[in-house]
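Chemist: If you read the sequences in order, they're chains A and B. Each residue of the first sequence is one higher than the last, beginning at 285 in our numbering. Each residue of the second sequence is one higher than the last, beginning at 13 in our numbering.
Since the hints were derived computationally from the structure, they do not count as laboratory data. Do not rely on the hints blindly, as some may be mistaken.
In silico DSS-like cross-links for lysine-lysine, where the CA-CA straight-line distance does not exceed 30 Å [to be verified]:
(1) K148(B) x K115(B)
(2) K479(A) x K115(B)
(3) K148(B) x K479(A)
(4) K103(B) x K479(A)
(5) K103(B) x K115(B)
None of these values were measured; they are calculated from a predicted model.
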Amino acid sequence: MSEFDPVISGDVSHLAATSRSATRLVWARLRRDKVAISSIVVLAIIALASIFAPVIAHLVGHGPDTQYLETGLSPAGIPLGPNRTFFFGTDDLGRDIFIRVIYGGRISLLVGVVATSIAMFVGVVIGLVAGYFGRIVDTILSRFMDVVLSLPFLIFAIALVSIVGPSLWVSIIVIAFFSWATVGRIVRGQTLAIKEREYIEAARAVGAGDLRIMFVEILPNVMAPVIVYATLLIPSAIVFEATLSFLGIGIVPPTPSWGNMLAESLPFFQVSWWFVVFPGAALLVTTIAFNLLGDAVRDALAEGDR
Amino acid sequence: MSSVPETAVNTEVILQLDNVVKYFDAGSRGLAKGHRQLRAVDGVTLEIRRGETLGLVGESGSGKSTLARCIVRLQRLTSGRVVLDGVDISKLSRRDVRPLRTKMQLIFQDPFGSLNPRRRVGSIIAEPLVVNRRGKGLDLQQQVQELMRQVGLNPEHYNRFPAQFSGGQRQRVGVARALALRPELIICDEPVSALDISIQAQIINLLVDLQNEFRLTYLFIAHDLTIVRHVSDRIAVMYLGKIVELADSEQLFERPRHPYTAALLSASPTPDPDALRTRRRIALTGDVPSPLDLPSGCRFRTRCPRAQDLCASEEPSLEPRLGDDASHPAACHFPLGDGEIAQAETP
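Starting from the given sequences, assemble the full structure and let the hints guide the process.
Modeler: Structural data, given as structure tokens:
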């Protein structure tokens, strides 16, 4: 960040006077950030691969759950390492690890994005209500958030799954349930500060109702930290999903997910390194890309704040 | 130099304040026993006539802004009545107050804090119209741009954010928002005190022009007497939650009765150097007492150069003094005679 760059240097009032909207400003700053751009590119590739997984499978000619007993295993039944037909090698059942990693990405991104969206929605609404109405409403909701945050995630998840059985949607709900409370706290704190601003009084003076004040006047002012937190929440949800699947309480095999692929690799990885390296690397790269992007967004927003 | 002589001020009362009281609970934390009350507004009775500008002056902490917020029902009264156009609005529910808000609007002091930084000025100005269902789509945009024109903003700047405007322009946005519902009464809460001197005059002139054009009534709150004098037909002086003197603008400046008014007058700058030389400054000693712990009797006595024993024991009522007529009451046991200057210690 050079001092001579007019957009990045300190005089924000001048900057605000020459520019358009906050969103565009943030985007302009992100575009200058090489790390952010690299993360976006990596994530775009992963997202495209996930979306077009069936197309890739068709091109390669391998299905995610199909066992290639003839071509995928050695005559002695030993899984093959990476080669021209199986880019990432095969697993002990003769399945194509490359295709399974790509299909696993669908699950990871789906869980990450959906769970984060649910957590954000619930967290924003509950945080706004708690912060705006205050008093007894705030006390009840805040204590509830404290309780959620103090529950042991894994024990709760294992207990729940042992009752309702594992599935994709149970994983999403469990992850969202353990993620919204932090969003709620952030929004509540911001709302407490924003609702004392004079423009809130001004809205009330022209006759705006509570809902309008909460969602039209306050919400846009609390979104910045929520967006940052959301970009950081997606990778943690992906890791949560991997953890659940690894423990056998997440995605049910044979549907591939990075977590259950890692779990299945356990008896073999000492001899067949590709079992663990490829799904592990996919998880790592995705998580790091999201985290770096989250940091970049936070920096861009921090500069935008007056 | 009242600038609105042509606006015939009739005697119809548009807003009547009847013993308005607003106490805040200062809490009883820890071992302190009982509730401590902050007496922000402590029994204000005032009438505002249709078409006039009533100035309200006082030091910071005198309760001016709280009174303004009580009038527009941003604060609930502790007791008393606020009667707008014959309707007592102080006891109405929030929902029932809504239609009446269209008759009465507020201009805020801080042109930065009173505009939402994340909304475009077009939508800020449109807010009162949208909330009260006074327009949609293209019609709404035309109304907003007409308002922007009326307050001297470029209508093409509809889509800009508040941060892209200067302080004076932002205050014009605030004026446009207050004007949107075509109210009859506008309460101006120190509308220019956050602005540069050069900009102050522009906003004042805008307010005066709008008053003439739309026959508005103003309650004009300020701590600067010179500005109030310029715009007001009558002036009320407030000290620690009470009105201590009320008079026609000229009369208040020529014949202040309350020593506090005299002190405020002597503290405000005069453009005439001769008058400045002959004038004795009355420096008030000490700070404003805490509204948590008011002095007995007259609340000004702790700083008053004329205070005597009576002032500590008996609170003076707001009534005409020294043969003034009913339009000029003052709350002082020992009011100043014509041309008399409050005894100051050495200047």
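Chemist: Taking the hints in turn, state whether each one holds.
Modeler: For each hint, the structure was consulted:
Between K148(B) and K115(B), the direct Cα distance comes to roughly 21 Å. Compliance with the 30 Å bound is thereby established for this hinted pair. Using a Cα cut-off of 30 Å, the hinted pair K479(A) and K115(B) holds, with the two alpha carbons roughly 25 Å apart. For the hint linking K148(B) to K479(A), the alpha-carbon distance of about 27 Å falls within 30 Å, and the restraint holds. Pair hint K103(B) plus K479(A) holds up; C-alpha atoms about 24 Å apart against a cutoff of 30 Å.
Taking the CA atoms of K103(B) and K115(B), the gap is near 17 Å; set against the 30 Å cutoff, the hint holds.
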